[in-house]
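With the sequences and hints as input, model every part of the structure.
Taken in sequence, the protein lines are chains A and B.
Numbering that gives the first Met the number 0 applies: residue 0 is where the first sequence begins, and numbers increase by one.
Numbering that gives the first Met the number 0 applies: residue 0 is where the second sequence begins, and numbers increase by one.
Accuracy of the hints is not assured; some may be wrong.
[To be verified] Listed next, the stretches of chain A that the computed footprint assigns to chain B, with coverage defined by at least 3 CB atoms under 8 angstroms from CB atoms of chain B:
id, segment
1, 96–106
2, 229–243
3, 318–326
4, 421–432
5, 508–517
6, 563–572
[Said to hold, decoys possible] Among the chain A residues that face chain B by a calculated CB cut under 10 angstroms, a handful are:
id, residue
7, 157
8, 225
9, 257
10, 409
11, 445
12, 520
13, 556
14, 559
Hints listed in this document are in silico derivations from the structure and should not be mistaken for laboratory results.
For glycine and all other residues, C-beta sits at the position ideal for the given N, C-alpha and C.
2 protein chains.
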Amino acid sequence: MWTYRAPVADMLHLMTQVLDAPASWSTLPAFDGLDAATAHQVLEQAGRFAAEVLAPLNAPGDVAGCHWTPTAVSTPAGFPAAYAAFVAGGWPGLACASEAGGQGLPQLLNVALQEMVTASNHGFGMYPGILHGAYEVIKAHAVPALRERYLAPVATGTWLATMNLSEPHAGSDLGLVRTKAEPLGAVANGVPVRVTGQKVFISGGDHDLTDNIVHLVLCRLPDSPPGTKGLSLALVPKWLPDGRRNAVHCDGVEKKMGIKASATCQMRFDQAEGWLIGEPHRGLAAMFLMMNSARLLTAVQGVGHLEAATQNALAYTAERQQMRASRRPPGATASPADPIAWHPAMRRLLWTLQARTDGLRVLAYQIALWLDESEQHPDADHRRSRSELVSVLTPVAKAFSTDLGHRSADEALQAWGGYGFVHDFGIEQTVRDSRIAMIYEGTNEIQAIDLVQRKILDDGGLRADALRAELGAEVDACRCDDALKPFADALAAQLEAWSQVQQALIDGAPQDPEWPLRVADDLLQGIGHALLAWAWARIARRTRQVDGAVGGRSEQQWLAAARHGIDWLLPQAQVHWARVARRDAALPFVTGV
Amino acid sequence: MWTYRAPVADMLHLMTQVLDAPASWSTLPAFDGLDAATAHQVLEQAGRFAAEVLAPLNAPGDVAGCHWTPTAVSTPAGFPAAYAAFVAGGWPGLACASEAGGQGLPQLLNVALQEMVTASNHGFGMYPGILHGAYEVIKAHAVPALRERYLAPVATGTWLATMNLSEPHAGSDLGLVRTKAEPLGAVANGVPVRVTGQKVFISGGDHDLTDNIVHLVLCRLPDSPPGTKGLSLALVPKWLPDGRRNAVHCDGVEKKMGIKASATCQMRFDQAEGWLIGEPHRGLAAMFLMMNSARLLTAVQGVGHLEAATQNALAYTAERQQMRASRRPPGATASPADPIAWHPAMRRLLWTLQARTDGLRVLAYQIALWLDESEQHPDADHRRSRSELVSVLTPVAKAFSTDLGHRSADEALQAWGGYGFVHDFGIEQTVRDSRIAMIYEGTNEIQAIDLVQRKILDDGGLRADALRAELGAEVDACRCDDALKPFADALAAQLEAWSQVQQALIDGAPQDPEWPLRVADDLLQGIGHALLAWAWARIARRTRQVDGAVGGRSEQQWLAAARHGIDWLLPQAQVHWARVARRDAALPFVTGV
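Structure representation (structure tokens):
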């Protein structure tokens, strides 16, 4: 009943016609010769893989879950073969350099791939999900001998990788990490270490998909400073180069609300052998190198869940018939009951889902485009300015997209009535699976703090101002077309509200340093809505300008979804802006009143 | 880790001091002699049962689920014994008449019991959940011979009952019901019938808790009119009076997202023997008799989930330590990390949970008080006016409370970070279990349509006006105390907004009959917020007036929660009122653009 079909034509329209990706690629030597036709091919193949290989394993993987014994973890039936096919297709290394065995394609295409993988099988997607980040860390920080041994297997997905950060008492607060690394020699990048400690919530900590697993472990060298400034990073393989099994144990697999096909492991390192990767005490900085792309990939998981919910809700409501609609499409024939898609409450739901999917997808693509430019553009100033935009956008996209991904799936479930609550119809799995993305890669509350403190207050709002200037260009562009006036007005109003509350926060924070933290979540939601307003305006304008095909839908359908966003969804922003502005609203301690 | 403790002191404070329940009881002969002390005793005992018997079975019941074979359904281990104890304690018949073997107590106390049962074990609560409604239907509609045989066993819970409404193709649209009833004799109330058909989503359709099960089945007599006007109701027992097993079969139990301990059955009636109950073709009306109390009990399930989420989030955030807080309570000692309850994002969450719990609980209690008066007051005019208030309030309370119950549990999960996603910590079960209440007893979208069409437009807003007048009295009362000005202002603003959009709808509906349906959900949400504003004002005013104990919290804590509602939560209402007012916002058919 639950199905997934990759919206390739829509994705390509947004990438190439709405966001002009080929124009960006033509400025980046690394992507020389890449064009819309090649992108189309890649998306088609990825879409086929997701629909034909991954989607059929989604519900069975949820039911089967992972099986743990003290010495091995097995994934659901079909997963090892699917992963082998994923590697054979070259998908893990899509955006890795060709020197390392990757395909050297833009992050933008990797983002589209990630959406398809999540939408078709989030549990499966967890195994290779961290690979690109691990590749970046090894590439940037490992000494040559380690890089030689581990970079290509990770880039190609021949060996899977993990990020070992959290410990039972250290989740959002990694400064509390206790895992020890004892150096065997002078402390320096690449020194052999013995790692001892416990880690929790390690996705793919053990499994039966690859011959080896490369663990990146946040740990503490002896006599290191307390807190995050004393954290180092070690590379600890499951199997050592000489063929011995390393002292890395999986002590259990969590029983979870969702993504049950993903083995979330409790790991124990017991004098495990490894090597320092990156400078001593700079482990967190090394991890943060990959933070922007990892958080962007998490944001895209929200888009994937939205897409899955949207296309399944469209199909189900077109088919399910209950009651006569108060208004019916022209030419509807008489029948005792109409498709529920005709009922106003369902029309609101369906357009809401479509508008959010379109808007958040465009946002993710724009960030990916700028991320690619920040990494590949020949001009250093351009790279830096793009990187600054990405740094402001990333926490918003991560929190806002995963929040809406989950909430939208939960709202969509209502379309199925009682059937929505039943496993067989699939939407309840989407609701459960999507919940985790609001938590991992930094909880959405942590993203909001990152946004307000490190991305806005820290530089007096300069980077945010630059971002608003970029977005504001869309207002001017829309002013040239009377039909786009509602979009121009809506976006202009959002940017103005953002500007005002941002300035108020900057002015008021010195007197009341806690104010920005009290309203951080609302600031993020407000900016998220402003970004959606920009995305809807952009979609509307460019779709109107295109002659010929505009993806898998008509021009009118693209515009109706975007307009629905402006009319029905954007008013929500006002609540968030108003709450940010209310510095006087009390927020006492719960036990202190 | 997940625990439940019934908030008896808070419940009693809200009932007796905030809402003056004893004053209401003193006007109702049926509750002669009932006072706060007796209510306290009942609540204490119910709370002990929920905490000691039901809560420990909650997580195990979720894991075990129900076991189906072609001939029997078994509930999770411990459930039969717990149910026997529930019956022995007299809990099923709490609000049933003493003549039928019940305890003759008010619906208000039954509402409090239902909250405790849901909060401690929603799955268990499903089995007796429908009992009171079945009791009311049998009492009001069965012929004396049937009443004689079935009323007392149902009132006391000796035999459990079911409501067989939905069929695979007939959920929200019961007019499509096909199950047949062939009469054996002249068609009249009480005539023996043979029932044939399939029913789905039948809670407790089969189980091992009671010796017999009394099914109330919506069905069609031969030659009945199409649609809902041709529906009749039959009573069909699992075991017939002469000891034969009736042809009622459970063909399967659904695998569901939540309430897994509740057996949600696919039922097949195969020339099953039964009797008509109520007038022919008046089956739906007979069922609707119990609708107000059934929907109120569903609303209260939302409160139960909110309470469970609130108390567990308070406990966990007080204990879990991550990072130093930017501001710390006076006297806090130095430590590397503070309780997360001190961090602003968690303070917002915790006060939000508490404010919603308090507000929705007061709302449910007020409806229950008026429901009791509508049934028991000696004066017919008073009964009618109370019944009218209840009829407007019921769809709002059902949809608004279950929506917030689920959404709040989902928001609360965030406090646990990664642990929230893991079974062992319990909150994810609350999220899953709470989802169903938005669907059953009429989906929340159906409630919104009921509100706008049948409760507001149908009488030109007269009943809604009467309700607003009742609520407006609180504005005046709050004006007498300067400290309550924010509450008076907030409530007055909500009532004014409600009045305006209601009038606009009434005036505009003749020209645009679909408008009320397009904005029905927002109207319900707006009114829900207005009711919360009333509840918070009421709590604040009465709590300030009381000398002495005010439940399990300090006066300051009650006021802080209520004030949090006004400051942080009520602004959301503005979005809903604004959307209702926007008659011009387009909402096309998804395939028609």
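How the hints compare with the structure:
no.	hint	verdict
1	96–106	violated (count 0)
2	229–243	violated (count 0)
3	318–326	holds (count 5)
4	421–432	holds (count 6)
5	508–517	holds (count 4)
6	563–572	holds (count 5)
7	157	violated, 29 angstroms
8	225	holds, 7 angstroms
9	257	holds, 7 angstroms
10	409	holds, 7 angstroms
11	445	holds, 9 angstroms
12	520	holds, 6 angstroms
13	556	holds, 5 angstroms
14	559	holds, 4 angstroms
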